[in-house]
Every structure is written in C-alpha cells, then in structure tokens.
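J.: Using the working numbering, the first residue of the sequence shown is number -1, and each one after it goes up by one.
Hint data in this document are derived by calculation from the structure and do not stem from the laboratory.
Possibly wrong hints are sitting among the right ones.
[As the list claims (entries may be wrong)] Quick list of the computed label-pair ranges, beta carbon to beta carbon:
no., residue 1, residue 2, range
1, ASN0, ASN30, 39 to 47 Å
2, ASN30, LYS1, 39 to 47 Å
3, ASP31, GLU2, 40 to 48 Å
4, MET8, THR29, 29 to 37 Å
5, LYS1, THR29, 37 to 45 Å
6, ASP31, ASN0, 40 to 48 Å
7, SER28, MET8, 27 to 35 Å
8, ASN0, ILE21, 25 to 33 Å
9, SER28, GLU6, 27 to 35 Å
10, LYS1, ASP31, 43 to 51 Å
11, GLU26, ASN3, 28 to 36 Å
12, GLU6, GLU26, 26 to 34 Å
13, GLU26, LYS4, 31 to 39 Å
14, ASN30, GLU2, 39 to 47 Å
Even glycine gets a Cβ: it sits at the ideal position worked out from N, Cα and C.
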Amino acid sequence: MNKENKEETMFRDKYLMLLEEQIELQKEESTNDS
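With these hints in hand, go ahead and build the complete structure from the sequences.
T.: Structure follows, in structure tokens:
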C-alpha cells in the first residue's frame, strides 16, 4: 500500500465520519420537531 492510497483512505474515513455525524444530527433535529 503506497503513501498516496493511505492518505486517501484516511481522508475518506474522516469524510465518512463527518457524514455520519451530520446524519445523526439531522435525525435528532427531525425527532425534536415532531
């Protein structure tokens, strides 16, 4: 595994983590509305 792939994977993992956080926040907001 070369360095570029490793950095790309790390970046993707961070991006996925942020996405999941956003989804969780949206879920909480939607449940709070109702």
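J.: It remains to establish, for every hint, whether it holds in the given structure.
T.: Here is what the structure says about each hint:
1. ASN0 x ASN30: 39 to 47 Å: 46 Å, holds
2. ASN30 x LYS1: 39 to 47 Å: Once the Cβ atoms are compared, 44 Å apart, the range 39 to 47 Å for LYS1 and ASN30 holds.
3. ASP31 x GLU2: 40 to 48 Å: 43 Å, holds
4. MET8 x THR29: 29 to 37 Å: 32 Å, holds
5. LYS1 x THR29: 37 to 45 Å: 43 Å, holds
6. ASP31 x ASN0: 40 to 48 Å: At 47 Å between Cβs, range holds.
7. SER28 x MET8: 27 to 35 Å: 31 Å, holds
8. ASN0 x ILE21: 25 to 33 Å: 32 Å, holds
9. SER28 x GLU6: 27 to 35 Å: Between SER28 and GLU6, where Cβ atoms are some 33 Å apart, the hint holds.
10. LYS1 x ASP31: 43 to 51 Å: 45 Å, holds
11. GLU26 x ASN3: 28 to 36 Å: 35 Å, holds
12. GLU6 x GLU26: 26 to 34 Å: 31 Å, holds
13. GLU26 x LYS4: 31 to 39 Å: 34 Å, holds
14. ASN30 x GLU2: 39 to 47 Å: 42 Å, holds
Hint compliance for this structure: every hint is met.
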